[in-house]
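Trainee: For reference, the chains in residue letters:
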Amino acid sequence: MTKVKSNSESRSEDVEGPDGGWGWVLLAALFVSTSLVFGLMRSLGVFFVEFVQYFEESSQAVSWISSTGLAAQQFFSPLGAALCNAYNARLVVMTGGFLAGLGLILASQATCLAHLYLTMGVISGLGWGLVFTPMVATVMANFTRRRTLALGLAFSSIGLSSFAFNPLFQLLVEMYTWRGALLILGGLSFNIVACGALIRPKKRSEAPAKVDPDSRSSCVAQLQRVSSYLELSLLCERPYITYTLAISLLNAGYFVPYFHLVAHSRQAGFSEYQAAFVMSAAGATDILGRVVSGWFADLRHFRLIHLLSFWTALAGVFIMLLPVSSLSGSYVALVAISLLYGFCSGALTSLAFAVVPLIVGVERMMGALGLLQLIESGAGLLGTPLSGLLKDITGNYMASFMVVGSFPILGTLTMATLPHFFSCTDSPPPQRRSLDDKDKGLNSELEQMNSLPSDTSSRIAE
Amino acid sequence: MKLLWAVSALLLSCWRTDASTAPNIITEPHEVSNQTSAVLSCNLTDSSLPIKGSYWTLNGNILEDSVSADASPFTTRRLDKITHSNSGKYECVFKTEPQVKQMIEVKTLPHVVAYKHSEHGNENDKGVMVCVAHGHPLPTDWGWFKEEDSSRRQILNGTGDKYEIKSTPNKTILTINDLSIQDDIGDYTCLGTNELGPGSDEIHLRVRSRLAALWPFLGIVAEVIILVTIIFIYEKRRKPDEVNDDDDSGSAPLKSNSTANHKDKNVRQRNSN
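As they're listed, the protein sequences go chains H and F. Following our numbering, the numbering of the first sequence begins with 5 at its first residue and continues without gaps. Following our numbering, the numbering of the second sequence begins with 676 at its first residue and continues without gaps.
Incorrect hints may appear among the rest.
Sample of chain F residues facing chain H (criterion: CB under 8 Å; computed from the structure) [as the list claims (entries may be wrong)]:
# : residue
1 : L724
2 : G728
3 : H795
4 : P812
5 : V899
For the record, the hints were derived by calculation from the structure and aren't laboratory data. Ideal Cβ positions, reconstructed from N, Cα and C, are used throughout, including at glycine.
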C-alpha cells in the first residue's frame, strides 16, 4: 500500500510538473526557440525583396518559400512528437535545431530558387517541426497550475521577436548581403540546440512501451510501435476528434484578418500610415492578450475550455464587426475593433494548446499536439485563399470577413459538443488502454484539477 | 518666263494673305535658360476669332491652376523659382476655334541624382551604380569618374571587361565586374551634361569581402557550443544526486510514510535495513 503510494507520489511529480524551478528555465528555452522558429518565419519578408531582385523571379514564386517552410513545420509535427515518444525530447529538439540552422546555412549558398525551396523550405521546416511541438509539450508537462500563463508568456515571444527581427534582418542584409545574413541566421538558429539541451531527459520507465509483449512479426510490431508513438489511436476518440475539428475551424479563420486588414483599411479610405497603424495596434494587443489570458486562466475562476470558447466566439464576432465598423467611415471604430480582435486572437492562442492535456492526458500530450498541428494546418490553408476569393468576387471585404468570422464561431459550437462541456469541473482525461492500467488510473485521478490535496489522492489510490 | 513670275507672285500674295489673317502669338521671352525665375507671357494678336479662355500646359500636362475663362488675348504664367521640377516645354493654349498655342522652353541645368548614395558589392561579384537625371533638357552626355586622391579619373566604356556604362538620356548605369577590395572601393561621380552645363552626384562604393559574414557566424556557433557544454557539465554535476533519489524511491519497500523521501539519506538507509 505504502509502496504503491510512494510510487504514485514520485510519478505524480513526473506527471504533474513541479510548477517552478527548472520549469522556468524550460520556459525561457521555449521563449527563445519559439521566437527563433516563428518570429524568424514571420520576418523573412526582408529576404524576399532581395530574392526577387537577385533571382529575377516573381514575388509569388518567392513567397512559396515561406509557405513551404510553414507547411513542412506543421507536417512534420507528428513526426517530432513520435520521435520524442520513441527517444527523448532533448535529442529530438537538438536535432531539430541543428537541421533548422543547417537549412539556412545551405540556403546561403543557393544559386537558384529551387535550392531555396529545398533548404529554407523543407530542411529548415523539418527542423522547426522537430523543435516546436516537443518543446511546447515539455513545458506543458512541467507546469500544471501555471500552465496557461507559461504558454502565454512563451507565445508572446512570437510577436515581440517579429518586432525585433524585422529591423535586425534589414541591417544584416545591408551589411552582409542576403547570403551572409542567411549564414548568420543559420548560426542564430543553432541556439535552438542550446535550448534543447536544457531539457532534462525524463526517466520514462514504462510510458511509451505499449508494444505487444508477444510480438508476432517484426513488421506488425513495428507498425504497432509507430502508431503508438504517433498516438494514432487518438484519432478514434471522440473528444480528441471534436477538439481537433474545433481548432481547425478556428485556424481557418482567426488569423486571416492579419493578412487582409491593411488592404481593407486602405479600401475603406484610410491612408497607408493609418492602415499600417491598425495592423501594429492589433499586433500589440495580440501580445498583451496572450499574457493576460494566460494569467487569467490560471486563476482558475473558470474552466479552460469555457474561457477558450469565450475568446473564440468573441474573436469571431469581432472579425465580423471589422468591416461593419469601417462602413461608417470612423477610424476610431476600426482601430477599437482591431484592438479588441487582436486581444482575443492572442488570448485564444494561449489556451488552445493548454486544453489538450485536459482532454487526452499529459502522457499522450506530445503525440496529440503533433497530430493537432498537422490537422489544423490543413484548415489554415483554406482560410486565406477563400477570403481572397470572396473579396475578388464581391469586390470588397465585407463578405470575406463575415464568412471568415463565422469559422471561429462554428469552432465554438463544435467545442460545445465536447463531453462534460457544460459541467463546472473538468472531467478526468481518458485512461490509456495499456498494460499498466493501475498506474494509469492513478495518473488520471491525479490529473484532476489540483484542488484535491495529496492525502485525498492517496485515499483514492488505496 | 513671264508666266513663271506671275505664278510665283500669285503664290506669294496668297501666302501673305494667309499670314496676315492667321493668329499670331507673341511670346515673351522666347526661351528661358539658366534663370532663377521668369514670367512667361503670350499675347494673341491678329485674331478676330472669339477667345473662350486660355490655359498653360507643361510637357503636355494641363496645369490646373492656369485654366481661365477670361477672354483676354494676353496670358501670363509666373515661375517664382525655376528648378528641375518645373522646367520643360510650356505651352500657352487659347481656346479658340481652332485652338492656337505657342511653346516656350524653360531650360535648366540637369539635376543628377544617384539612386543610392552608398552602394555595396561583393568581392569578385559585380557592382552596379545608377544615376538618374531630372529636368529639361535631359543630358545628352554622361560620364563616370573615379575620385583618386586629388584628381578624378575618367572611366571609359569598354576598358577591358571591367567597366560597362549604359546610358539613356534620363538614366546611366555603371557596372563594375569582378570587384576587388584594393582597387574598387572609393567614390564615384556621375556627370550629366546638357546644352546649359553639367550636373553631377557622388556614390560611395563599398566592397564586402566574401568571408565578411563568416566571422559573426563562427562567433555565434562558438557561443552555442560553449552554452551546450556548460549545460551538459552542469547536469553531470547534478546527476549523481538524482540517481540516488531514484534508486531509493524504487528500491525501499519498507518505508513507513512518505515523509521518509524528504529526509536525508542516512534516515533512508536505516529504514531500508
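Trainee: Using Cβ atoms only, decide whether F:L724 comes closer than 8 Å to chain H, and label the hint accordingly.
Mentor: For F:L724, the interface hint is violated, since the closest Cβ of chain H sits about 46 Å away, which is over 8 Å.
Trainee: May I ask you to test the interface hint for F:G728 with respect to chain H, counting a Cβ-Cβ separation under 8 Å as satisfied?
Mentor: 34 Å, violated
Trainee: Can you verify the interface hint for F:V899: is its Cβ closer than 8 Å to any Cβ in chain H?
Mentor: OK, holds: F:V899 within 8 Å of chain H, min 4 Å.
Trainee: Would the stated hint for F:H795 survive a check requiring a Cβ distance to chain H of less than 8 Å?
Mentor: 7 Å, holds
Trainee: Are F:P812 and chain H close enough, Cβ to Cβ, to be under 8 Å, as the hint says?
Mentor: 32 Å, violated
The earlier numbered hints that this structure contradicts are 1, 2 and 4.
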